[in-house]
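**Student:** Chain residues, written in single-letter form:
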Amino acid sequence: MGAQQKNIYRGEPARAWIRLHLVSAGNEWRECDFLVDTGNPCAIIVDASTMRGFVWRGSVSTDSNFGALEAGWLRLAIPELEFDVKTLGYASDKLVDVVKRSDPKFAGLVGLPLLRMLEYGGNGGHFWVKAPASG
Amino acid sequence: MTSNQAKNQRAYREVEAELGARYPYGHFVAFDGGRIVADAPDFDRLTEALDAIGKDRSDVFVVQAGVKYPDEVFILL
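Same order as they appear, the protein sequences are chains L and W. Going by numbering that gives the first Met the number 0, 7 is the number at position 8 of the first sequence; the sequence numbering is gapless. Going by numbering that gives the first Met the number 0, 72 is the number at position 73 of the second sequence; the sequence numbering is gapless.
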């Protein structure tokens, strides 16, 4: 079996989550845990401060039921899976505040566009991600 | 959003429909000062192109040609 990241559900109520590295254009990095929501149409949502620290480029901001989402290209990595991408993310303090109600240590939210770059799944005890099968 | 970001987002919306015809789907296009300043087939080569013209900055605005960016999204938590 290939490498995987397997995490016990966490928070109140219990939520699926994954651990990512955010990597800046200056090659500084921060390890953060993100709540997983397969119904979220955005790859990743962080708070505004995190976006300012790690954004590589701007992009098309959008509106949401949580207010404005400021867009930015972010570099995300999961070293144990040799996963390293630059993808479009968004910033919303309001949304991250809601995520932190489940667990204050969550840094934000990841959604289906990010999960589709990996393989993912879960059972009664864990949520896991692993590198996509080649071919 | 800074004034440069707002200017670039407006410029993008004005040419959004044309980008899909001008570039292959998914091609990376960079805007600065309200105009297109570089393009490349992937993000890293776009960074090289921006660096070559002194615009390797985080406020440069990047989109992918042909990709539909929504005006609004709905998130349930």
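Since the hints were made in silico from the structure, they are not lab data. Everything numeric in this text was worked out from a predicted model, so none of it was measured. All C-beta atoms, glycine included, are put in the ideal place defined by N, C-alpha and C. Be aware that one or more of the hints could be misleading.
[Unchecked claim] Straight-line Cα separation of at most 27 Å, BS3-like style, residue types lysine-lysine; simulated pairs:
(1) Lys67(W) to Lys54(W)
(2) Lys67(W) to Lys104(L)
(3) Lys104(L) to Lys6(W)
(4) Lys104(L) to Lys54(W)
(5) Lys99(L) to Lys85(L)
(6) Lys54(W) to Lys93(L)
(7) Lys5(L) to Lys99(L)
(8) Lys6(W) to Lys67(W)
(9) Lys129(L) to Lys6(W)
[Stated by the list, open to error] Label pairs and their computed distance ranges (CB to CB):
(10) Trp127(L) to Phe73(W): 23 to 33 Å
(11) Ala51(W) to Asp83(L): 35 to 45 Å
(12) Phe73(W) to Arg100(L): 11 to 21 Å
(13) Arg21(W) to Glu81(L): 14 to 24 Å
(14) Ile7(L) to Gly19(W): 19 to 29 Å
**Student:** If a hint holds in the structure, say so; if it doesn't, say that too.
**Tutor:** We went through each hint and held it up to the structure:
1. Lys67(W) to Lys54(W): The hint holds at about 25 Å.
2. Lys67(W) to Lys104(L): Roughly 33 Å separates the two Cα atoms, so the pair is violated.
3. Lys104(L) to Lys6(W): At roughly 36 Å apart (the allowed maximum being 27 Å), lysine 6(W) and lysine 104(L) break the hint.
4. Lys104(L) to Lys54(W): Between lysine 104(L) and lysine 54(W) the Cα gap is close to 36 Å, so the pair fails against 27 Å, i.e. violated.
5. Lys99(L) to Lys85(L): 25 Å, holds
6. Lys54(W) to Lys93(L): Not OK: lysine 54(W) and lysine 93(L) at ~32 Å, beyond 27 Å, violated.
7. Lys5(L) to Lys99(L): 21 Å, holds
8. Lys6(W) to Lys67(W): This hinted pair holds, its Cα atoms lying about 19 Å apart.
9. Lys129(L) to Lys6(W): With Cα atoms ~40 Å apart, lysine 129(L) and lysine 6(W) exceed 27 Å; violated.
10. Trp127(L) to Phe73(W): 23 to 33 Å: With Cβ atoms ~27 Å apart, the hint holds.
11. Ala51(W) to Asp83(L): 35 to 45 Å: For aspartate 83(L) against alanine 51(W), whose Cβ atoms are near 23 Å apart, the range 35 to 45 Å is violated.
12. Phe73(W) to Arg100(L): 11 to 21 Å: 19 Å, holds
13. Arg21(W) to Glu81(L): 14 to 24 Å: 35 Å, violated
14. Ile7(L) to Gly19(W): 19 to 29 Å: 44 Å, violated
Checked against the numbered hints above, the structure breaks hints 2, 3, 4, 6, 9, 11, 13, 14 and satisfies the rest.
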